[in-house]
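Engineer: Using the sequences and the hints, build the whole thing.
Going line by line, the protein sequences match chains A and B.
Mapping of the first sequence onto this note's numbering: position 67 corresponds to residue 67, and the numbering continues sequentially without gaps.
Mapping of the second sequence onto this note's numbering: position 33 corresponds to residue 33, and the numbering continues sequentially without gaps.
Treat the hints loosely; a few may be bogus.
Because identical chains cannot be distinguished in the list, a pair is counted as satisfied if it fits within a single copy or across any two copies.
[What the hints assert, rightly or not] Here are the computed lysine-lysine pairs in the DSS-like style, where the Cα-Cα straight-line distance is at most 25 Å: (1) K20 to K82; (2) K41 to K11; (3) K20 to K61; (4) K41 to K61; (5) K20 to K41; (6) K61 to K82; (7) K82 to K41.
Don't read these hints as lab results, they were simulated from the structure.
Now for the letters of each chain:
Protein chains: 2
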Amino acid sequence: MARVVVEIMPKPEILDPQGKAVAGALPRLGFTGFASVRQGKRFELEVDGEATEEVLAAARKAAEEVLSNPVIEDVVSVHVAKED
Amino acid sequence: MARVVVEIMPKPEILDPQGKAVAGALPRLGFTGFASVRQGKRFELEVDGEATEEVLAAARKAAEEVLSNPVIEDVVSVHVAKED
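Structural biologist: Below is the structure:
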């Protein structure tokens, strides 16, 4: 059973309040050295059977049309997860 | 300026209603062949300067202590982003 990973991030020009909140909290909690934080989403799609090229193409289409909002988000990666 | 990527997923034994909702929506929208979906988070931490081993260690600690809830989530990856 293969697994496809889809990674989605807010577009650079979009304000990211969750990321801003984390970036503000880090130095207060002793984590310095991080200039900014952005928060996005990571999906794992469990595939019936092999992760063929067709499955990856379907996952890419689903990432663009269902998993992300193309107005405010970019799909940064669609790849097959390493077996674990 | 380097960027550290932190990936966090709900633990396998934790119910993931967002993932379940996506998994239910996909076949209705014509995407078949996906058995299940889980939704997690992906952070990009912008680093002041180089992504040294110390910076990565700090990012790992922040991932465990601030970015994730260790009761219900696993940190699945902390790595330096490829330059783009």
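Engineer: All hints are to be evaluated individually against the structure, with a verdict given for each.
Structural biologist: Outcome of the hint check:
For a Cα distance limit of 25 Å, the shortest separation of K20 from K82 across copies, 22 Å, qualifies, whereas the shortest one inside one copy, 31 Å, does not. Taking the closest pair of Cα atoms, K41 and K11 come within 25 Å of each other both inside a single copy (12 Å) and across two copies (16 Å). Proximity of K20 and K61 under a CA criterion of 25 Å is satisfied inter-copy only: 19 Å between copies versus 30 Å inside one chain copy. Proximity of K41 to K61 under the C-alpha cut-off of 25 Å is found in both arrangements, the shortest distances being 16 Å within a copy and 20 Å between copies.
Taking identical chains as interchangeable, the C-alpha atoms of K20 and K41 lie at most 25 Å apart whether they share a chain (16 Å) or sit on different chains (15 Å). Taking the shortest Cα distances, K61 and K82 sit within 25 Å of each other both inside one copy (21 Å) and across copies (24 Å). Both within a single protomer and between protomers do K82 and K41 lie at most 25 Å apart by alpha-carbon distance, with minima of 19 Å and 18 Å respectively.
In summary, this structure violates none of the numbered hints.
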